Every structure is written in structure tokens, then in C-alpha cells.
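Participant: Sequence:
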Amino acid sequence: MNSTTDGLVQLWNEWEIQLVVLLSFILQIFLFFTGRIRRCNINMLLRLIIWLAYVGADMVAVYALGLISQNVQCVNISSVGFSRSSNQLAFFWVPFLLIHLGGQDTMTAFFIEDNNLWLRHLLNLCIQVFLALYAFWKSTGRHNLQLLAPAILMFHTGIIRYGERTWALKCGSRNGLRETSWQLPKLNVEVDKGSYIDTICYVLQSILCVHDLFSGRTISQMKERQVFRFQGDRPLEQVPKLLEIELAMMSDDLYTKAMVLQTRSGIILRFISHYKRVDIAITYVLFIGGFVLDVCSFFLVAMSPWTWAFFRAQNCNRLVHISWLILCSSIGWPEKKPLWSSSMGQYNFLSSSIGFDESRSSSKMFTILRKMLNAVNKKLWFRKIWHIKHVKVDKDIMDIMVTWVGRLAREEFTRITQQQSWANLRPIINCTLNIPANSFGDNIVLLHIYTDLHLRKQPDNEATGAESETASSSTADIMDICRKISNYIVYLLVAQPSMLPLSGAADDTTAAFYEKISKKGSSKQDVLETCYQLVEDQLEFGYEECLKEQEQPGPWCETLMEIRDMWLRLLIYIAGKCQVELHAQQLGRGGELLTFVWLLMAHHDIGDVAHQVDLITSSETMSGQFCAFHFPKESER
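Numbering of the sequence shown is given in the numbering used here, commencing with residue -19 and proceeding in unit increments.
In short, the hints are calculated from the structure, not lab data.
Pairwise CB distance ranges, derived in the manner of DEER restraints:
1) E93 with G36: 13 to 21 Å
2) T(-16) with S478: 53 to 61 Å
3) F13 with A403: 49 to 57 Å
4) I177 with E(-4): 49 to 57 Å
Computed from a prediction, not measured in an experiment: that's the story for all the values here.
Ideal placement from N, C-alpha and C gives every residue a C-beta, glycine not left out.
Work out the full structure, taking the sequences as your base and the hints as a guide.
Facilitator: Written as C-alpha cells, this is what we have:
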């Protein structure tokens, strides 16, 4: 047994450096091909694997440097020439490890906080370069001088690549975004209005303003704010793709080396960079693999709108043609290819309450798990994970948001809110949002429960024939929008509370409502009865009578339209209040619908980055031009 263990230890000692170096290279390949995937994917398991590879890649490369340094010391101490020099080419792998520490062009930061810690990476750069120089210097005298020249060139490349990563992290930090600026390429291009190339050209002019937004500047502080603001001539169907491209480019600037490779210095630095058969093979793998990754990186740079604009400004017609082919190909940014996850989170209070304690009761595993969670007070946490879902952000939702925000910008915001009398929802909204004791989270949950109850009371349509089919289709679309936006805002309350303008703890709010809802039981009938009573008690008016009146097809549909408008206004208000750093975080997690709404509002000078949006106001306390809900006095109605 001991001999077997000793043999395995000896075998590991002989092959440790080779295996660790190859593992480092494999991790780099994985990060290269998954770096851009995470922008369009919200799968938690995949994100966990990518994060482990991101963290492990640096650890493995540093460990390999330490092994090579230790091996050099052992060889220098040993008086035997060939018996201890089994890794004669190991010194030549040191520059490759520095390249690995420099990371891949597709991923320099995993979280937005990594950018703000760029000084720590600069310190690591100095330490690891010093260690690599030490190992390289100690080993150069013992090897063939023919390898010395290419090794020195590779060493320079390794230092440059590692420096590029630190530079990219600095550029992606909040202060770095403020300091970084480019001279916009002058594009004399005649394009068709509304075409894909017209969208690209507009984004190239507005992306610097997007940088200003993410750096914390307001609309009034922008130098090119006239270019950034929509002038009303932008086709509505073009706006969603325009926002996608802007956020995709911003995501690249925050989490990849895009900002470095868009500068002349970055481009110049990028273009300046008897043995054992196994060691030779590993060296060839590192050489060929590094070359292939560089070629792939070139294609990534070539598919950037910045690259196409640069070639166009320099009148490099052939390169312009190549870049545009790559940009519009299946590997680039074709017009119909999604540039983010295109999903929105969903969380429904009633569905998560109905049968939560009784469903799957026959499963012993579920029963044991529920008891364990109750014991450690983690039932709410489990409920979140179990009931959070994601649905596609369909064209209807994007179109209605673009239409609504555009309408609010073209007309006076307050005048529009005054025009809506809220014939059916006025007592509900007025009572909910004007209750001082209620937090914003309480209001969201109450309105969410009311919406769910109203959707469950859909009356039978009395129309017949083609009119019936058309009306049913239109009603179903509106119901779908109401349900998705309502569930989405509650999802933000449950899973992303930092993105909401809350005054209290979101967990306390949700826990309190779950406690009230589950008093009678968790069956469907018990939960619905409790919710009816809860809304009645909280809103302090004849809710039952109001609901009975709305059960008729006419009033029910009118109320449904008002519910849709109510949630759209709440979404606009929330997007305008959300902090810039939180939007930047979401770009690295697949994107968030709220970020699209925020950027769309910024294009129209709406939101806290431009003209602040208030939640509710009255004619007596008019505090600004923009408010989500306005309730005039009875005499004004």
C-alpha cells in the first residue's frame, strides 16, 4: 500500500507542472468561449461554472508560476545535470502563464466590483511579474540560447497582456468611465432611414452618452446630449434593437477588453506581442493554442461597430467590407440575433402561497426539507427559489414600453396623467399610494394581489362571431401584459430589492404578507378568501361591491386597461429611480428589462438622470413636471 502511494506521489511530482500548465490553458479556452455567452444567458448553473473557472484560472496560473519557480531552485541546488532537469522547457512556459493571468478578451471582470478593485489587480500584476522574472532569470543560463530570444519576446507579450487586463478593469470602473473618452469617427455614410446600418451609425454616435450615464452623469452634464436624445424621427420598431446594441456595447466595455482594444495604444500593444517530447508537445500546444485564441480575438474585435466605424473613417474599403460581413454574419450582431437574455423574472404571490405547505406532501423528501427550512427560518428563502420563473420579453411588451415612453416625452407628462381619470381604479390607487404607513413594497404587493384577483374574475364575452375572436385576442394580450409586468415588479421586490426605491426591508414586507395570507390555510379557496379580505381591510373601502360592478364585461375590460396603465407607470417610476451601478451589474448577468426602460427613458430626458419622476402628486402639491399618478380635486374632474 505504501509503495503504491509513494509511486503515485512520485508520478504526480514528475508530471505536476505539465498538468497544471495544461489545466491553466484549458481554463483560458473555456473562458474565451463562455465570456460572451453569459451576456445572453441567465442560467444559474452555467454562471456558477463560469465564475468557478474565472476564479480558478488565476489561482491555477499563479500556482503554476510557483511550481516553476520552485523547480528552478531545485535544479540549481542539484548537482546532477539531467536527472533533475525533466522540465527543461518549463522556463519557456512562464510567459504563457503571464498571458493566462492577463485573461481573455471576452472576460476581464465577472462582477462590476472587479472593475473598482483594479488597484488590487495592479498590485498582483507587479508581484506576479516579479516572480516570473525571477524564475525566468534563474533558468535562462541552463538552456539553449536559441530559445532565449523567442522567450524574451513572449515575456514582453505576457506582461502586455497582463497589463491590458488591469487597464481594462480601470477603464470599466466608475471613475474610469468618466475619464475615458474617444474622438468619434466621422462617418460620411448615406443610409436608408430605419435600416440596420442606420441603427449602428446612431449607436456609434450615442454610445459615449451611454458611457456618461453609467459613470453617474446626468443628461444635463452630457456634451453630446442633443445626439443622444430621440428627436421623434426614430422609427418605433427600430428602438428595441437600438437599445439592445447600446447595452451590448456597454456590457463589452464593462466586462471585456473592448475599451482597451478601441484605443490606438491598445491596438499597438496588441500587435507588438535536446528536450523531452512531452514538453515539446505542450510548448507547441501553448503556441498553437495561443495563436488560435488570438485569431478568434481578432474576429471579436472585427465584429465590433467601433472597428467598422474606424475602417470606414480611414477609407479602408476592403477592411470595411470584411468587418461588415463579420458584424452581420451569424457570429456577429445580425439584426434578429438577441444581444441579451430577452427574459424577465416572474413571481406570483398567490401561486406561491396556494398549496405551498400541502403540495407534494406525499413526498417524504419534501416534507423533511420543509421541516429543516422551518427550523432554520429559511422557508421564505426556499419559496423564492422554488417559485421564481423567467418568461420571454415578447414584442408586445417592448412595443408598448417604447410607445408609452415616447408618448410621455412628446407630450407634457403631467398633462397626460391629468387626462386619465382612473374611473375604476381611482379609489384603489389613491388609497394605496396615499397611505403614509404603507411602504412602497406594501403598495406593490397590494396592487399585485388586486391585479391577480381581477384577472381571475374574467367574465364571459357576450360578443359573437369575428368580433368575439378579435375582442378575446385583444383582451388576452392585455391580460398577458398585466400579468407579466405585475409578476415582474414583484420579482424585483423578492429577488432584486436593491433595484426598487424601498424604505424598508423587502424580506420583512414579503414575510408579513405571507403570514397574513396563510392564516386560514394554504388551499386555493382559503388563500383567495384571505386575499379578498386582506385587500378589503387594507384599502378601507367597499372592495367587494367594487369588484361585483367590475365583473360585467364592459367595466371589467375598462378596469383591465387601467391596470395595464397603472403597472406601466409604476415600471417607469421604478426604472427612473434605480441606481446606475445596479443597471451595470445586471449587464453582466444577462440583462434586465428595467435597464432597457431606464435607458429608453434617458433617451427621452425622463428619469432621475434628467427630469425626476415622482410617484404621485396633486394639483395642490405639484412638485414637478413628471409624476406617475396625478389625482385632481373633485371640482377639476
